[in-house]
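Undergrad: So you can see what is in the structure, the chains are spelled out below.
Number of protein chains: 2
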Amino acid sequence: MFETLDLSLKLDKQTYRAELERLDRELPTLQRLVYERGVPVLVVFEGWYASGRGDAMARLVHRVDPRGTRVHVTHASREDELLWPWLRRFWKRIPARGEISIFDRSWYYLLWNLRADGELDAARWERHLAEVDDFERQLVDDGVVLFKFWMHISKKEQKRRLKDWADDETQRWRVSDEDWKRHKHYDTRLRVAEEMIERTHTHRAPWTLVEAEDARHRRIRVLRSFADELRRALIARGVAPDELEPLPEEPPPGVVLPPVSEQDTLPQPLDLPADSLLARVDRTLRLEPDEYRERLRAAQKRLRALEFECYSRRQALVAVFEGWDAAGKGGAIKRLTAKLDPRGYQVIPIAAPEGPEKTHHYLWRFWTRLPKDGHWGIFDRSWYGRVLVERIEGFCTEDEWRRAYQEINEFERVITSHGAVIVKFWLDISPEEQLRRFRRREQSPIRRHKITEEDWRNRARWPQYYAAVSDMLRQTSTAHAPWTIVEAEDKRWARVKVCEHVVRALEARLGAPVAR
Amino acid sequence: MFETLDLSLKLDKQTYRAELERLDRELPTLQRLVYERGVPVLVVFEGWYASGRGDAMARLVHRVDPRGTRVHVTHASREDELLWPWLRRFWKRIPARGEISIFDRSWYYLLWNLRADGELDAARWERHLAEVDDFERQLVDDGVVLFKFWMHISKKEQKRRLKDWADDETQRWRVSDEDWKRHKHYDTRLRVAEEMIERTHTHRAPWTLVEAEDARHRRIRVLRSFADELRRALIARGVAPDELEPLPEEPPPGVVLPPVSEQDTLPQPLDLPADSLLARVDRTLRLEPDEYRERLRAAQKRLRALEFECYSRRQALVAVFEGWDAAGKGGAIKRLTAKLDPRGYQVIPIAAPEGPEKTHHYLWRFWTRLPKDGHWGIFDRSWYGRVLVERIEGFCTEDEWRRAYQEINEFERVITSHGAVIVKFWLDISPEEQLRRFRRREQSPIRRHKITEEDWRNRARWPQYYAAVSDMLRQTSTAHAPWTIVEAEDKRWARVKVCEHVVRALEARLGAPVAR
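So the protein sequences, as listed, match chains A and B.
Under our numbering, the final residue of the first sequence carries the number 516; numbering is consecutive throughout.
Under our numbering, the final residue of the second sequence carries the number 1516; numbering is consecutive throughout.
Since the hints were made in silico from the structure, they are not lab data.
Backbone N, C-alpha and C fix where the C-beta goes; we use that ideal spot for every residue, glycine too.
There could be a bad hint or two in this list.
In silico lysine-lysine, DSBU-like type, Cα no more than 30 Å apart, as pairs [stated by the list, open to error]:
1. K358(A) - K1358(B)
2. K92(A) - K372(A)
3. K450(A) - K1450(B)
Partial list, computed: chain B residues near chain A (C-beta under 8 Å) [stated by the list, open to error]:
4. P1085
5. L1087
6. L1139
7. E1453
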């Protein structure tokens, strides 16, 4: 099959840009429908070393909402994993309905290596190929939309890339002896890959081979296939084609959309206690677009370097985002992660507990989701729900939330004692700004689904939340895990403050990293 | 604290027997209330090597219903676990409400070893002790009933036991050089243990020190503490003392309890198709009590030896129990596991899926619960629910259950290809026998809670289930994972058949083991 690929394919910058813009309009609608219709999506990235697999994957990850997406990295079998049927580690990670699971290498990587290295005899090779076929068919029959991308480059191109890295002091770490050895066996590995791909290129679970030498071509090929195939899959599941049309930011001129809530029941002006940290927030802080772009870009570049530094020095980071509804948590997280390698961090969205989360101690679901050393865990809402929403809504007793301040401080102390860095952000806006944002969302066809009656109900409880937030900041800002209040009236200010703060916190621990 | 222990304490056989009988009457009621009131229970077993810790634990495990119980074994830290805050592995395993989690060694074992081996300096030792204190307080504040048992023996007694084992060919594997080394440092380890215990003997989470030299004393001390403390905890949670009275097997003479269902709506006689495997089940097979006891005892002894053989040769066993309501699955599983080491097997009760189980492929929750090599996974109901209850109740589409036969065969083939042995039991009774058992349960104060309207509703669908079971047996009895139909009209016959079949299946794989 590889002979059908034209590795000289290139995409010019202009077409590339235009296509990316189109995709950026299409993907949010597709993902919203994936979520609403409960469609599980599984994406496999495979291919040659140095083929730009990580880059292509990152382009996709950064374009989908991290709240419904998980990235799974497959390393060669660890001892412990060998104690179960080999597919178990992948079954464990299949997507739930409405979720996108992205595999940086997969079951194919294991098979390819074992077979190419002569560690898999013909019978086991055949059997495992059949098991893969069964596995994928079972998923697809259950409604999973399955993507399998193979990034292809020639032996010559691989050599060039390995050499470029080896010659560059900041990239040298990427090339091991093992990589060179595998490069030498490119032709053997090619034959094995080809057999593997041909044998598993089924009607229900076809491969998409990607000419991966030109970066722009590679990226667009992946993103475009993803969008087109997802669209087909959604239509096949009963979504009407006009639902798939990307919604505009603004309604047509002259049209006013009906508000979700007719009336704002929050009294104005609000009389809020002045003895809160929140009373001292400076609402005037802003950044002009030029300065914003420049500082954001600089911070993102350093974040990427720090992410790698964390990985190689096994430093974990726990980042907590809390804030008023519409304060911009999602946007800040998006900027924080925009340039990161998706393999190094995970965004963990926290909603109301369900299933076993409800029958365990409230900290259980956070303990089990802490990032491993070397990784970043970014919590979009967190254990602070105990002293915010659970307190206000009466989901726990007064004794329980009062006790929680101490429990949370202890929890965070165990984490920091272990060596992780914790940063905690409270994104603060005024009630007036929240009202403006709610009303703006109501008028935006594409963002309207983000605002519900519940948001309005929460808003009406501003004074209660204000008291709860004030208590929280006072009771849980500790030396080992202090709160950072982010003035979020201006989104640009808030995003830059978040990114720069993470940089500072990590540099304080690690020292300034070398740019890589 | 250890000086308060009188290691010469002994319990005579008669008192021991009487006390065990009392406990066997008390514990089922206590556990039912734990379940009904949603009380989480956590039991820690710690103590000297060769102190009979495993034996005391097994006596407890075998007296509680495995459906609400999990056993967790703590080994010294594995590499991977070091990448998270150390308490995470225990937090992950805290009991849900209504569950009993039993820890064969725990956080204390890790601390004790590290400190005694000089790998924990004073500051880290202090910090970890404080973290343990926080951890336990948080659990207890959340409603967990926490037991901490320390099994104590003297240096002399430990030496005697190690020597006895070392001198016995079948027990020699139990004693390593490491064990002798630790024995030599008994006094140092004693001092560390004493400090650890005194520092963590808190009002909310007290230790129970057990004189462990006399086996009968040790066992009763553990079981009696467990029952008494649980009773106190339940009363503190609002259970009325008379609810704690063990219910009798039979109602008082002359009393007839009201039936759960007045009428049996299953028509009689039932006209069932004769071309089913079920039509050929011999309902007359029975065992007399004497033969039953003898064969059961022999099988259980071999099962225990095979369990160890499996562990040392990393052989996994998957056992599936399906059958009519009241056919005796629970009783058969109880006999199968009665003499086993609780560390080597797990009973996995399968109920209706909930939470994330509902949003994933139906096989997901089974893939993730497969036993590790060397262990036994005993499924009390299983993936066959797809083609039984889900088919009959319409919880899945016809296409889905028809497809499931193939999917299940493929699933089981991956398991057996990996090397596990699968045994699958269908426990079969006649509708007349089921009716007798239902009516008997209704009349038994202690077992009445086991029968509900739903059981009667399922019974009314006997013909549909009969068809589904017949299809299941035909479609999924494969060479690698055949079904065994167990004639269960007579419970004694059924239990012996199950135990002896597991023995045969494992011996066919492993050869007959040496008794140990």
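Undergrad: Restraint: P1085(B) near chain A, CB-CB cut 8 Å. Satisfied or not?
TA: Hint holds; P1085(B) Cβ to chain A Cβ min 4 Å, cut 8 Å.
Undergrad: Checking hints one by one. Is L1139(B) an interface residue toward chain A, by the C-beta closer than 8 Å rule?
TA: holds (7 Å)
Undergrad: Quickly compare the C-alpha distance for K92(A) and K372(A) to 30 Å and report which way the hint goes.
TA: This hinted pair holds, its Cα atoms lying about 18 Å apart.
Undergrad: Given E1453(B) as an interface hint, is the shortest Cβ-Cβ distance to chain A below 8 Å?
TA: violated (24 Å)
Undergrad: Within a Cα-Cα threshold of 30 Å, do K358(A) and K1358(B) meet the stated pairing?
TA: holds (16 Å)
Undergrad: For K450(A) and K1450(B), compute the direct alpha-carbon distance and say whether it is at most 30 Å.
TA: violated (46 Å)
Undergrad: Should the interface hint for L1087(B) be scored as holding, given a Cβ-Cβ cut-off of 8 Å against chain A?
TA: holds (6 Å)
Hint check: violations occur at hints 3 and 7; the rest are consistent with the structure.
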